[in-house]
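Visitor: Now for the letters of each chain:
There are 2 protein chains.
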Amino acid sequence: MQRKSWATENCPMARSVDILGDWGSLMILRQAFSGTTRFDDFQKELDLSRNLLTARLKKLVERGVLERRLINEDGRRHEYVLTEMGEDLLTTVVALRQWGDRWLFKPDLPPVTMVDARDGREIQQVHIHAADGRELTRSGLRLRPRVPESAS
Amino acid sequence: MQRKSWATENCPMARSVDILGDWGSLMILRQAFSGTTRFDDFQKELDLSRNLLTARLKKLVERGVLERRLINEDGRRHEYVLTEMGEDLLTTVVALRQWGDRWLFKPDLPPVTMVDARDGREIQQVHIHAADGRELTRSGLRLRPRVPESAS
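Protein sequence lines, in the order shown, are assigned to chains A and B. Here the first sequence is numbered in our numbering, starting from 10 and rising by one per residue. Here the second sequence is numbered in our numbering, starting from 10 and rising by one per residue.
The reader is advised that the hints may include incorrect statements.
Intra- or inter-copy, both count: the list cannot distinguish identical chains.
Heads up, simulated DSSO-like pairs for lysine-lysine below, C-alpha to C-alpha not over 30 Å straight-line [what the hints assert, rightly or not]: (1) Lys68 / Lys13; (2) Lys68 / Lys53; (3) Lys115 / Lys67; (4) Lys115 / Lys13; (5) Lys67 / Lys13.
Hints were generated in silico from the structure; no laboratory data involved.
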C-alpha cells in the first residue's frame with residue numbers, strides 16, 4: 010500500500026494521524042485505556058495478527074504513546090502502558106466514542122454508557138468552547154498563524 | 010493485511026474506528042473540514058494513490074460521513090461534502106488536533122492555532138466534564154450498562 014508520512018507536516022492533525030492513523034492503532038489505544046497491558050491480551054481482545062500487532066505496538070512505543078516495561082525477573086515478560094502523552098489522548102477517545110454513541114446504534118441506544126465514577130451520572134457530551142465559554146461549531150472556528158512571542 | 014470488522018461490536022469506539030480507522034481516512038476528514046470537496050483536490054493535497062483515495066471516499070460515503078453530490082449538468086463531476094453525521098466529528102478532530110499541538114511540536118509551538126472566528130482568541134482545550142461540570146480524567150470515568158427505559 011502506498012504510504013506517505015505526515016510526521017513532519019506543520020499541521021498538528023497530520024502529525025497526530027501519522028501516529029494513530031494506521032489500521033488497528035486506535036483499537037489498541039481503546040484497549041490500553043480499558044486496562045489491557047499484555048501482548049497476548051491485546052491479541053486476543055482485538056483479534057489482530059501477531060505481526061500487525063507487533064508493528065503497531067512498536068510504533069506507538071517509538072512515538073511515545075505507550076511505554077514498554079519489563080514485568081518480571083527473567084527479562085522475558087513485558088507490559089505496554091500508556092505514557093503521560095498517551096493518557097492525554099483520553100479526550101479524543103471519549104469524543105470519538107460519543108460520536109459512535111450518537112450515530113452508530115440507531116434506532117437503538119448503545120448498550121453501555123460512560124459515567125462519572127463519583128455519582129454514576131452520565132458524563133456530558135464533549136464540546137468545543139471559545140475562551141469566553143461559548144460553544145463553537147465549525148463556522149465559528151478559524152485557523153490562524155501563531156505570532157512568535159518575540160514579535161507580539 | 011489481515012482485517013477484522015468492528016462494525017457490529019457493542020462498543021461505540023469500535024464502531025467508530027471501523028469507519029475512520031483505515032489509513033488515510035482521518036486525513037480525508039481533515040481536508041473535508043478545511044473545505045476540500047473534489048477528488049482531484051483531495052488527491053493533490055494528501056498525495057494518496059487514486060485507488061486508495063477512491064476506496065476511502067467510497068467507504069466514508071457508504072457509512073454516512075460524506076455525501077457524494079453531482080455538481081454539473083453533464084453528470085460527470087462530483088463533490089464530497091460532510092453530512093450532518095460527518096460534521097459532528099468536529100469535536101474529535103479538534104481534540105486530536107489539540108493533542109498534536111500539545112505533544113508533537115516540542116520544543117517549539119505549532120505554527121498555526123485554532124481561534125474563535127468572532128474575537129480571534131484561541132479556543133479552549135477540549136475537556137471531559139461530569140454532569141455537574143467537574144473536569145474528569147481517566148480515573149473519574151466508568152463504563153456502565155445502560156438500563157433500558159422500560160426498566161428504569
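Visitor: For lysine 68 vs lysine 13, is the C-alpha pair at or below 30 Å within one copy, between two copies, both, or neither?
Guide: both (15 Å within a copy, 20 Å between copies)
Visitor: Go through the copies and call it for lysine 68 and lysine 53: within, between, both or neither, with a Cα cutoff of 30 Å.
Guide: Both ways: lysine 68 and lysine 53 sit 20 Å apart in one copy and 27 Å across, limit 30 Å.
Visitor: For lysine 67 and lysine 13, with the copy left unspecified, which applies at a CA distance of at most 30 Å: within, between, both, or neither?
Guide: Both: 18 Å inside a chain and 20 Å across chains, each within 30 Å.
Visitor: 30 Å Cα cut-off: does lysine 115 pair with lysine 13 within a copy, between copies, both or neither?
Guide: between (36 Å within a copy, 22 Å between copies)
Visitor: Are the CA atoms of lysine 115 and lysine 67 at most 30 Å apart within a copy, between copies, both, or neither?
Guide: For lysine 115 and lysine 67, the Cα distance is within 30 Å only across copies (21 Å; inside one copy 36 Å).
Hint check: no violations occur; every hint is consistent with the structure.
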